[in-house]
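Asks: Residues per chain, in single letters:
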Amino acid sequence: MLSRRIWDSFFRVPLLGWLIGILIAVMLEHLLGDSLVDVLGLSKIPALFGFVIILKNPILMPGATLYVLLIYIIPVSAVARISSWPANKLAARLLDFPIWFSVVIHLGLFYAALHMWSEISAYRLLTLKLTLIAIMVTLSLNVVNGYMGEFSCSHPGFMALGAYAASVVTVVLFVNDRLFGPALLAPAFGPFIFPVALVTGGMVAALGALAIAIPSFRTRGDYLAIISLAFMFIIKSMIENLEVVGGPRGLSSQPDYANLPIVFFWTIACIWMTNNFVRSILGKALNAVRDDEMAANAMTVNTRRTKIIAFLFAAFWAGVAGGLFAHVLRYVNPATFGLQKLAEVLAMVYFGGLNSVYGSIVGAVSLSLLGEALRPLEIFKWIIIPLLLILVMIYRPTGLVAFKELNVRNLVKPKQ
Amino acid sequence: MRKVLLLLVSCLVIGLILSPCVWSKTKIIKVGINAPLTGDIPKVGEGTKYAAQMWLEDIKSAGGLEVGGKKYPVELVIEDNESKAESAVKVNTKMITQDEVMVIVGPQASSQAIPAGEVANNYKTPMISPWSTNPDTTKNRPFVFRGCFLDPFQGPVAANFIKEEFGFTKAAVLYDVASDYPKGLAEFFKKAWEKANGAGSVVAFESFTTKDVDFSSQLTKIIKSGAEVLFTPQYYNEVALIVQQAHELGWNKPITGSDSWGSAETVELCGKDCYGLFFSTHYAAAGAKGATKAFIDRYNKKYGYVPDDVGALTWDALQIVQKAIQSYGKITGNVEKDRKGIRDALANIKEFDGITGKMTFTEDGDPIKCAVIVRISEKGEYEFYKSVCP
Amino acid sequence: MVFFFQNLINALQWGSFYALIALGYSMVYGILMLFNFAHGDIFMVGAYIGFGVATGIAALASLGAIVLPNWLILVLTIIISMFLTSFVGILVERLGYRPLREAPRASAAITGLMIGIILETGNLALLGARRVRFPSLIESATYNIGGVYVTNKKIMIVGVSLMLMLALHQFVRRSKYGMAMRAMAFDYVVVPLMGVPINTIAAMTFAIGSALAAAAGILFGIAYPVLDPYMGIVFGWKAFVAAILGGRGSILGATLAGFLLGFIEIFVAMIFPSTLRDFIAYSIILLILTFRPHGFFGEPYSARLRL
Chain A
590 MLSRRIWDSF FRVPLLGWLI GILIAVMLEH LLGDSLVDVL GLSKIPALFG
640 FVIILKNPIL MPGATLYVLL IYIIPVSAVA RISSWPANKL AARLLDFPIW
690 FSVVIHLGLF YAALHMWSEI SAYRLLTLKL TLIAIMVTLS LNVVNGYMGE
740 FSCSHPGFMA LGAYAASVVT VVLFVNDRLF GPALLAPAFG PFIFPVALVT
790 GGMVAALGAL AIAIPSFRTR GDYLAIISLA FMFIIKSMIE NLEVVGGPRG
840 LSSQPDYANL PIVFFWTIAC IWMTNNFVRS ILGKALNAVR DDEMAANAMT
890 VNTRRTKIIA FLFAAFWAGV AGGLFAHVLR YVNPATFGLQ KLAEVLAMVY
940 FGGLNSVYGS IVGAVSLSLL GEALRPLEIF KWIIIPLLLI LVMIYRPTGL
990 VAFKELNVRN LVKPKQ
Chain B
11 MRKVLLLLVS CLVIGLILSP CVWSKTKIIK VGINAPLTGD IPKVGEGTKY
61 AAQMWLEDIK SAGGLEVGGK KYPVELVIED NESKAESAVK VNTKMITQDE
111 VMVIVGPQAS SQAIPAGEVA NNYKTPMISP WSTNPDTTKN RPFVFRGCFL
161 DPFQGPVAAN FIKEEFGFTK AAVLYDVASD YPKGLAEFFK KAWEKANGAG
211 SVVAFESFTT KDVDFSSQLT KIIKSGAEVL FTPQYYNEVA LIVQQAHELG
261 WNKPITGSDS WGSAETVELC GKDCYGLFFS THYAAAGAKG ATKAFIDRYN
311 KKYGYVPDDV GALTWDALQI VQKAIQSYGK ITGNVEKDRK GIRDALANIK
361 EFDGITGKMT FTEDGDPIKC AVIVRISEKG EYEFYKSVCP
Chain C
22 MVFFFQNLIN ALQWGSFYAL IALGYSMVYG ILMLFNFAHG DIFMVGAYIG
72 FGVATGIAAL ASLGAIVLPN WLILVLTIII SMFLTSFVGI LVERLGYRPL
122 REAPRASAAI TGLMIGIILE TGNLALLGAR RVRFPSLIES ATYNIGGVYV
172 TNKKIMIVGV SLMLMLALHQ FVRRSKYGMA MRAMAFDYVV VPLMGVPINT
222 IAAMTFAIGS ALAAAAGILF GIAYPVLDPY MGIVFGWKAF VAAILGGRGS
272 ILGATLAGFL LGFIEIFVAM IFPSTLRDFI AYSIILLILT FRPHGFFGEP
322 YSARLRL
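Protein chains in written order, with the numbering used here: chain A, 590 to 1005; chain B, 11 to 400; chain C, 22 to 328.
If you are wondering where the hints come from, they were derived from the structure by calculation, not from laboratory data.
Fair warning: this is a prediction, and the values are worked out from it, not measured in the lab.
Careful: at least some of the hints might be erroneous.
Computed spacing ranges between beta-carbons, pair by pair [as the list claims (entries may be wrong)]:
{"no.": "1", "chain 1": "C", "residue 1": "Leu89", "chain 2": "A", "residue 2": "Arg807", "range": "51 to 57 Å"}
{"no.": "2", "chain 1": "B", "residue 1": "Ser71", "chain 2": "A", "residue 2": "Glu832", "range": "49 to 55 Å"}
{"no.": "3", "chain 1": "B", "residue 1": "Lys205", "chain 2": "C", "residue 2": "Leu187", "range": "52 to 58 Å"}
{"no.": "4", "chain 1": "C", "residue 1": "Asn165", "chain 2": "B", "residue 2": "Ser71", "range": "44 to 50 Å"}
{"no.": "5", "chain 1": "A", "residue 1": "His619", "chain 2": "B", "residue 2": "Lys312", "range": "44 to 50 Å"}
{"no.": "6", "chain 1": "C", "residue 1": "Ile166", "chain 2": "B", "residue 2": "Gly236", "range": "46 to 52 Å"}
{"no.": "7", "chain 1": "A", "residue 1": "Phe969", "chain 2": "B", "residue 2": "Gly343", "range": "30 to 36 Å"}
{"no.": "8", "chain 1": "A", "residue 1": "Glu832", "chain 2": "B", "residue 2": "Lys312", "range": "41 to 47 Å"}
{"no.": "9", "chain 1": "A", "residue 1": "Asn848", "chain 2": "B", "residue 2": "Gly343", "range": "29 to 35 Å"}
{"no.": "10", "chain 1": "C", "residue 1": "Thr163", "chain 2": "B", "residue 2": "Lys396", "range": "38 to 44 Å"}
{"no.": "11", "chain 1": "C", "residue 1": "Ile166", "chain 2": "A", "residue 2": "Phe969", "range": "36 to 42 Å"}
{"no.": "12", "chain 1": "A", "residue 1": "Phe854", "chain 2": "B", "residue 2": "Asn310", "range": "38 to 44 Å"}
{"no.": "13", "chain 1": "B", "residue 1": "Asn358", "chain 2": "A", "residue 2": "Pro771", "range": "45 to 51 Å"}
{"no.": "14", "chain 1": "C", "residue 1": "Leu89", "chain 2": "A", "residue 2": "Phe992", "range": "58 to 64 Å"}
Straight-line C-alpha distance at most 25 Å; calculated DSS-like pairs for lysine-lysine [what the hints assert, rightly or not]:
{"no.": "15", "chain 1": "B", "residue 1": "Lys81", "chain 2": "B", "residue 2": "Lys311"}
{"no.": "16", "chain 1": "A", "residue 1": "Lys633", "chain 2": "B", "residue 2": "Lys40"}
{"no.": "17", "chain 1": "B", "residue 1": "Lys40", "chain 2": "A", "residue 2": "Lys645"}
{"no.": "18", "chain 1": "B", "residue 1": "Lys70", "chain 2": "B", "residue 2": "Lys221"}
For every residue, glycine included, the Cβ atom is placed at its ideal position computed from N, Cα and C.
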């Protein structure tokens, strides 16, 4: 009975309370992490919640479990529970202001927590950045495959376009490169021009999307699937033949602009814009087109225009994600954007859940982390992960969190 | 519920008491192996892994690696990079920051070695890529080295050999356009050949894409072009197909290749079709002497096949690492300091006599070593034909 | 002219593989409206099973347990492997597709993709990373007909493929089960109500598709005797293109589209610089679809993803 009541009381903790809890847990890790690790007999702070340690060396399991318990689970839940009342009050107070104010506060707290968490090790930082990028790609593909109900295979191609376009802009402007000659602008301008480079990448990807959209949206059916697949092959072959950008050898030496705040900012922008897009009239029209194109047409939805806009929108964000990806790795080659990447992105979308912003976030984060956590299994990792996905598909055919709207007001409101 | 909880807590406590005994803080030399165990080139990953495990065996049977008169245990951290660039970067970051390895061997393919080398250099961790032939891998990266010769050397070797041996003037090239190693080599070959025989003497310069199996269209074009010899710097699986298909299409002139032919599987997959062909490589398995032969025999006995060049190069890279650690002469326990010391020791190695030949290192960390021309005998063995030094 | 005919022969062989694999793909796609992304990997499994069977029979023959001419070994290998691989197909259907029959189509596509990855990695874990050489069951003989080189293998491959396609065509046109399949392709909801056993027909569709993939795998092994665990991926995706290009549920369409794909790839490499092959080949397909958006033989239809 008691445990039930404690359990229930957690549902009254607002998001603000959880964020404060996480922040404090992360601070705790900064302060006590190293000494706790010594006491527990671990060699280093577990980077990803101890999974890797446990799989690699099962004898360290108690230590790793205890570490996660002491640093994360207990402090987060305790702080969240204790701060529940003031946090609720505060959340209510914040709602008196315009909604963006509250959102910014929440995001600020969240970013602070992420930033401190990732400072512990560079491996965390890299995994975090790539996960954020994966969220962007998954979300943009969800717009086409989930909200629009088509089956598009061209996202690696869009990413490639974005990655190369953004890289070319930054490398030409700011790097003394053997392909493009000396830098044109002083490096101080770099961080200011970088958003322009990313948007250029997105625009180029959207332009490429237009090449698919025009032929494929003349009819309904599975033709988008193969047109987009053909498009992917075309893009890959085209970049391989473009000696200007290095051909199959790839393009390297991108400047190091994609730090965590930048990637975080763009990811949030992507989530925000996508959420607004799918909840707008256009987004509803998109769902109508998916459910019954004929009826939608009868209801005065301009189906072709709707589909093309959504497709370009998705391609744009895939391009931006590609640009960030190139600047995080500081190297791109065409082989990266092949069938392997396609399988990965598709898996993330369908695992997380169709037609849902939450779903894309869940899918991208869980598959990225799973991929890292199961590393010690070597080859068998690629048997376990697909098996897990099949099970999810069988028991939840539309994905883990499908058809759920992300309502920001509901998210930040007090729970009492 | 309570019982389960009690059990769990007691387990945790007991485990906790025990675990520090297991993990005592001795100084360990950790060596990271960044290998493509899954993905496009699992065979390369396997060769790397096996060679590394053999090396570890040696160290273990000697009771540890002797550095400055003291023996230290060695641990290998083998990670899979899935043949993906981003995964190779993650693996390097993980090994450097989480596992705290002192030195990294791998990744093998240039498309992974270039971005991974960036990470290694940024974190000031020495890295040797045994197999990456792209100049960018080591360029301006003091911490990154390699174990093989570069494309600009091997291309002319192959071209000059054909010229001298056969006296041909018209050559054809067939290569994989989507893979940077064959593409680079094909271009350097073309340059060297046209320098020797005049412009337009490469009469057919044909390509295909990774994973293609049918080359009939390209080969038909090559045959029509009137070329006297075909140069194909491809991997062993493609070599088998190219040679067989060329013969089926009526090609009966010589076919030559590069070090990527140097796998035991070339002959196994290709069969009689490949007998009598020449290629340039790092080492010749048949007719090998001394340490090279010992390595091949041991590997063959343990894993059931003659090692590829990847295995041999990885072995050499590990020997170089071992030599560097030993000449550094101490393990301080401060990883950053040790890494710097090992890097300096690596850079100071001017000459090394490995199983893939004698090599000297340049400023950029690239080795200069002799290439070997190998002929595939009528018994399907790799015979030493001649040696070409820069 | 010789040059052209040589390439024509090359394209016929290459197209046969695409056509055979696309047929298996098209069976499932046409009748159950599913993307069977595991098909390429079933092709790979079929080739490996063929490799196992052929090596086994050859070993028995060399021990003197049985005396068989080579051509009979080949026929036996093809039949046994087709039979065995059809069970792999049934298994895939039972585990990955049947539970998802009411789910969105794309979800089933994802399970297919994942089963494919499991098959690849499972093979890698079981047999190691070594590539295997498919035993040469027939002695290669090359004939020179007026400058055009033709091998007995090429003739056999094209012949066997055409025979299999014809057999399938007859089966679907003439037999009772074939009629049930066509009916199901026509209407997925009402036909089961008429007493057509949907599960049997679905399993049979997968079995036939997989058997065809196995045959393609063995022929592949004869023509390109290097097998590796990842060899099915590209074939799978290209067969996907061919199957849809051919039009839904059209056996003739899938066959033609498979051959077309092979011809485009070979002839583009013949006419243009071969570096640009993929670029031009897929641009042509893009163009074809722009002007013929329903594929060759498909009816204009509105396929709804059942979401």
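Asks: Look at each hint and say if it fits the structure.
Replies: Status of each hint after checking the structure:
1. For Leu89(C) and Arg807(A), the Cβ-Cβ distance of about 56 Å falls inside the hinted range of 51 to 57 Å, so the restraint holds.
2. At about 51 Å, the CB distance of Ser71(B) to Glu832(A) agrees with the hint of 49 to 55 Å.
3. The beta-carbon spacing between Lys205(B) and Leu187(C), approximately 56 Å, falls within the hinted interval of 52 to 58 Å.
4. The supplied range of 44 to 50 Å is broken by Asn165(C) and Ser71(B), whose beta-carbon atoms lie about 60 Å from each other.
5. Between His619(A) and Lys312(B) the beta carbon distance is about 47 Å. The supplied range of 44 to 50 Å therefore holds.
6. Taken as a hint, the range 46 to 52 Å is violated for the pair Ile166(C) and Gly236(B), whose Cβ atoms sit roughly 21 Å apart.
7. For the pair Phe969(A) and Gly343(B), the beta carbons lie near 34 Å from each other, so the given range of 30 to 36 Å is met.
8. At roughly 44 Å, the beta carbons of Glu832(A) and Lys312(B) sit within the given window of 41 to 47 Å.
9. Taken as a hint, the range 29 to 35 Å holds for the pair Asn848(A) and Gly343(B), whose Cβ atoms sit roughly 32 Å apart.
10. A hinted range of 38 to 44 Å is violated for the C-beta pair Thr163(C) and Lys396(B), which are about 33 Å apart.
11. The hinted range of 36 to 42 Å is not satisfied by Ile166(C) and Phe969(A), whose Cβ atoms lie roughly 52 Å apart.
12. Checked against the hint of 38 to 44 Å, the C-beta distance between Phe854(A) and Asn310(B) comes to roughly 56 Å, which is inconsistent with it.
13. Between Asn358(B) and Pro771(A) the beta carbons are some 34 Å apart, a value that contradicts the proposed interval 45 to 51 Å.
14. A C-beta distance of roughly 60 Å is found between Leu89(C) and Phe992(A), which places it inside the suggested range of 58 to 64 Å.
15. In summary, the hint linking Lys81(B) to Lys311(B) is not supported, as the alpha carbons are separated by about 28 Å, beyond the 25 Å threshold.
16. Annotation: proposed proximity of Lys633(A) to Lys40(B) holds, straight-line Cα distance about 15 Å (limit 25 Å).
17. Under the criterion of a C-alpha separation no larger than 25 Å, the hint pairing Lys40(B) with Lys645(A) is consistent with the structure, at around 15 Å.
18. About 40 Å separates the Cα atoms of Lys70(B) and Lys221(B), which puts this hinted pair outside 25 Å; it is violated.
The structure is inconsistent with the numbered hints 4, 6, 10, 11, 12, 13, 15 and 18, although it conforms to all the rest.
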